[in-house]
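Given chain A, work out where chain B should sit, using these hints.
2 protein chains.
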Amino acid sequence: MYYDPVETMDRAALESLQAERLRQTIEIAKRSPFYAERLKGLEPGDIKSPANITSLPFTTKDDLRNQYPHGLLARPLDDFVRLHASSGTTGTPVAVFYTQKDLDTWADLMARSMYCCGCRKSDVLQNTSGYGLFTGGLGIHYGSERLGMLTIPAGAGNTKRQIKMILDHQVTVLHIIPSFALYFAQQVREAGYDPKDMPWRIALIGAEPHTEQARAKIEQLMHIKAYNSYGLSEMNGPGVAFECVHQKGMHLWEDAYIAEVINPETGEHVAEGEVGELVMTTLTREGMPIIRYRTRDLTRFIPGECECGRTHRRIDRIAGRADDMMILKGVNIYPMQIEQCLMAMPEVGQNYLIELVREGVSDQMRVKVEIKDEYFVEDMRALQGLQKRIAKNLCSEILVTPRVELCQSESIPKAQGKAVRVVDLRGKE
Amino acid sequence: MYYDPVETMDRAALESLQAERLRQTIEIAKRSPFYAERLKGLEPGDIKSPANITSLPFTTKDDLRNQYPHGLLARPLDDFVRLHASSGTTGTPVAVFYTQKDLDTWADLMARSMYCCGCRKSDVLQNTSGYGLFTGGLGIHYGSERLGMLTIPAGAGNTKRQIKMILDHQVTVLHIIPSFALYFAQQVREAGYDPKDMPWRIALIGAEPHTEQARAKIEQLMHIKAYNSYGLSEMNGPGVAFECVHQKGMHLWEDAYIAEVINPETGEHVAEGEVGELVMTTLTREGMPIIRYRTRDLTRFIPGECECGRTHRRIDRIAGRADDMMILKGVNIYPMQIEQCLMAMPEVGQNYLIELVREGVSDQMRVKVEIKDEYFVEDMRALQGLQKRIAKNLCSEILVTPRVELCQSESIPKAQGKAVRVVDLRGKE
Chain A
1 MYYDPVETMD RAALESLQAE RLRQTIEIAK RSPFYAERLK GLEPGDIKSP
51 ANITSLPFTT KDDLRNQYPH GLLARPLDDF VRLHASSGTT GTPVAVFYTQ
101 KDLDTWADLM ARSMYCCGCR KSDVLQNTSG YGLFTGGLGI HYGSERLGML
151 TIPAGAGNTK RQIKMILDHQ VTVLHIIPSF ALYFAQQVRE AGYDPKDMPW
201 RIALIGAEPH TEQARAKIEQ LMHIKAYNSY GLSEMNGPGV AFECVHQKGM
251 HLWEDAYIAE VINPETGEHV AEGEVGELVM TTLTREGMPI IRYRTRDLTR
301 FIPGECECGR THRRIDRIAG RADDMMILKG VNIYPMQIEQ CLMAMPEVGQ
351 NYLIELVREG VSDQMRVKVE IKDEYFVEDM RALQGLQKRI AKNLCSEILV
401 TPRVELCQSE SIPKAQGKAV RVVDLRGKE
Chain B
1 MYYDPVETMD RAALESLQAE RLRQTIEIAK RSPFYAERLK GLEPGDIKSP
51 ANITSLPFTT KDDLRNQYPH GLLARPLDDF VRLHASSGTT GTPVAVFYTQ
101 KDLDTWADLM ARSMYCCGCR KSDVLQNTSG YGLFTGGLGI HYGSERLGML
151 TIPAGAGNTK RQIKMILDHQ VTVLHIIPSF ALYFAQQVRE AGYDPKDMPW
201 RIALIGAEPH TEQARAKIEQ LMHIKAYNSY GLSEMNGPGV AFECVHQKGM
251 HLWEDAYIAE VINPETGEHV AEGEVGELVM TTLTREGMPI IRYRTRDLTR
301 FIPGECECGR THRRIDRIAG RADDMMILKG VNIYPMQIEQ CLMAMPEVGQ
351 NYLIELVREG VSDQMRVKVE IKDEYFVEDM RALQGLQKRI AKNLCSEILV
401 TPRVELCQSE SIPKAQGKAV RVVDLRGKE
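Heads up: the sequence lines are chains A and B, in that order. Take 1 as the starting number for the first sequence in the UniProt record's numbering and just add one per residue. Take 1 as the starting number for the second sequence in the UniProt record's numbering and just add one per residue.
Please keep in mind that the hints were generated in silico from the structure rather than gathered at the bench. Please read these numbers as outputs of a predicted model, since none were measured by experiment. Heads up, the beta-carbon is just placed ideally off N, CA and C, and yes, glycines get one too.
Using 30 Å as the maximum straight-line C-alpha spacing, the simulated DSS-like pairs for lysine-lysine come out as follows: (1) 217(B) x 388(B); (2) 392(A) x 372(A); (3) 61(B) x 164(A); (4) 30(A) x 164(B); (5) 392(B) x 414(B); (6) 101(B) x 164(A); (7) 121(B) x 101(A); (8) 101(A) x 48(A); (9) 196(B) x 121(B); (10) 164(B) x 101(A); (11) 101(B) x 121(A); (12) 61(A) x 164(B); (13) 160(B) x 61(A); (14) 40(B) x 61(B); (15) 392(A) x 414(A); (16) 392(A) x 248(A); (17) 196(B) x 217(B); (18) 414(A) x 388(A); (19) 160(A) x 61(B); (20) 48(A) x 61(A); (21) 30(B) x 164(A); (22) 30(A) x 121(B); (23) 329(A) x 392(A); (24) 101(B) x 101(A); (25) 121(A) x 30(B); (26) 121(A) x 164(A); (27) 248(A) x 225(A).
Which residues of chain B face chain A? A partial, calculated answer using Cβ under 8 Å: (28) 82; (29) 131; (30) 138; (31) 155; (32) 169.
Chain A extracted, bound-state conformation:
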C-alpha cells in the first residue's frame, strides 16, 4: 500500500528525523563557499527541532544566480554526475548539480510519488514531455524505471506516433503537460478513437499550474484519472509533492524537505491553512543543499489528516506566484484566488478584470466580470442578486468586499498573449 515505510511515520518521529537531517544539511552546506559565509557562526547543534529552521536565513533565486555556477557546491566538482539548468540565453541561469547519490534519492522520491497515486511495476508509462535540461523529462523517466514500470521515452510532439505507441504497448500511465492533455484528447478523437477505449488509466499532469476545473476537464475528456504534482529544479525537480489517490492536495515528502509557508512581505509563517509563499529546504541532498529557498510559489498547507494514512502534510495546488500578490487595505490578495472563486460560478463567462483604485484616502477593488449571455437577462432584480452573490463569494475568499460590475460577454478587451487580469490604477487616476 506504501512504497516506503517513512510515508506513514508518526509526526513526532518524522520531526525528529527532520531535525537530525537538518543538522546534517547545515554541516554539509557550510562546506560550500556561499553557505560558509551565509551561515557563519551558526552551528548544527543549535537546531533542536524543525521549528528552529526560522533562525536560518533565506536563500533566494538571486542568490543562486549570483553564485552561478559553483558557489553552492558542497563537494568537489568531480563528485557530480548531472547538471540541470534553467533555460534562456540571456541573463544568468540557475544551475543545479547532482551527485550519483542525489540522483538515486531523487529517483526514489519519484518512484514513491508515482506509487502514491496508484502506479505499479506492472504499469506501462509513456513520457510525453521533452527531455534535456528540463527536470520533468529525466525526473519522471528515472522514477518510472526505479518503480519498475516499462518506460517509453516518447518525448514531446508527434501526436500520431504517440497514439500508435499507446495502443501498441497498452500504455496505462501518461506523463503529460496539462495544456497538452486537452489538445491530445482532441487529437485522439480526430484519429477516430474514443478515449473510453484507450488503455490508459492515470495521467501525471504536473509541470504547469492549473485549476481544479482544468483537471476535471482533462479527466472527463480523456476518461482518465489525473494527478497533480509539484516540483522545481532547485529542489531536484518533480517529486517534491504528489497527490495520492484521494486527490485532496499533494503530500509533500517531509523526510526529504522541510516546507514552510510564509507571508512574502514579512517573512513570518502564516497561520496554518493560510495561503503564502512556499519556502523549501533540502534534507537529503549531499551535493548542493539549499536552505530556506524562497520558491515564490503560493500555496497553503491543507489542515487535517488524509484518508490514505500518509502522515506527510499536503499542500494545495499552486495559487500563483508571490510576485503577483496585491495588497489592499493591508490584506494580501492573489489574482488566482479571485479567478477560482469566479470560475466556480456557472453564470460567469470567459473573462474578468481586477482594477485597484484609490477613492479619497481609501483603496478599493473593482472586479469587472463577464456574464454568460443566457444569464444576462432584462430582469434588473436578478442581475443585482447575481452581483451581490459574486461580491459575497469574493469577500469570503479574499476578506475584502470588491465592487462588482457585470459585463456582457466579450465586452472586456482581450490582451494579446498572456492575459492581463490586474490593473493597478492607484495614484494614476
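Showing chain B alone in chain A's frame:
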C-alpha cells in the same frame, strides 16, 4: 588504463567466455515465442566454441517487424523497464525492450567505450543529441553518468545556449552528430570564439556513417580529437564498438557480442579482413536476446593487434549498406569503396557517377569523375596519366578495372535530395 579487465582478456579465454554466454543466450532465447520455434531442436550444448554459431539461423529486420511487439521477449512483460523503437508512423516499427539488468549492462558497455577513447570521471560531457526513443541520447547519457562524468543533458538545437554552457561549465567531451559538428564549428567562430580556446578535447561522433576525411575536417575545424563509434538499437544502441585513442578502427566488445562478417549473397563468412555484412549476436542480454542479426551494415575486421593492448577485434568504419551492393563479373562492389578511393586523390572534384553497362555478353563499369579546374589542363598526356592512375587505384580497391571518364567540374548533373551515385543500365540500353 582500462575500464574493465575483460578488455585485455587473452583470445582463448575470451572465446571460451563467448561459447559459455552463447549457450546461455540460446537457453534464454528459446523462452521467447519466436526463438522457441526458430531454434527448435537446437540444444545449447551443441555449441562448443563461438565458431559453432554458423549452425544457427539468421535473424532479419523483417523477423523483428513480424514479431512486433512481443515475439522476441524471453521474459514476462512486467520484467521490462525500457522500450526504444524505430521512428516512423507508417509501417511496422521495430521495438527493443530492456530489463533493469540489460540497462545496467548497456551503461557499463557505454562507460567502457568512453573510457577507451580517453574520457575520465573528471571530464564534463555535454550531450548535444536528442533524447527520446533514439538510443543515442539516453545511451550516452547513462554511460556518462556511469563513468562518473558531470553530464549535461543539453539535447539538440539552440546553438547559442550550447556554446554558453560549454564555456560556463568547461565542457571537455561533446557527444555530437558528425553533420552537426561541422555546422557547430562554424557557429562557434561566428559567435566570436576561436575553437582553439574552447575547453573541449574529445568529440564522440558516432550515430551517422562518415568518412575518414569528414573526421579529419571535424578535428581540424573544432580543434578536437574525434572518435568514431558503432551501435544500433537492436544491439542496445551505441556502445557496440568504439575507437580507442589510436583511432585505428573500433574495438567491438566481444564479451557482450559475437560479430561475424558475411557475404550478404551467400551468407558465408568472408575471408579475414574482407568487407561484408556485419552479423551480430547478443551475449549478455537477458530480456530480448537476438541471434545472428543481419545488420545490413558493411564493414570488415581490421587484421592484427591494436597498440592499446585491448584484445577485442576492431571493425572498420561502416562502408555503406548491404542493400547498396553491386555485383560485377561475380565480384561484390560497394559504392563507398569507390567514393573513398576517389576522394583520396587531390585531383578529384565534388561529384562522380558510376554506370553499369552491358557490352556484348560482358558487364562493364564506367566511372565518370569530375576533375578540379586547376587539374583540367590542356596537356592531353597529363590527363591520360591521371585517367590511368584513377583506374588503377580503383582496380586495386574493387578488383575490377572500370572505364574512367574525366569530366569538367559541375558537368555531372546533381540529383535533388540524396545523391544518385550508381546507375545500372544493364539490359536497359
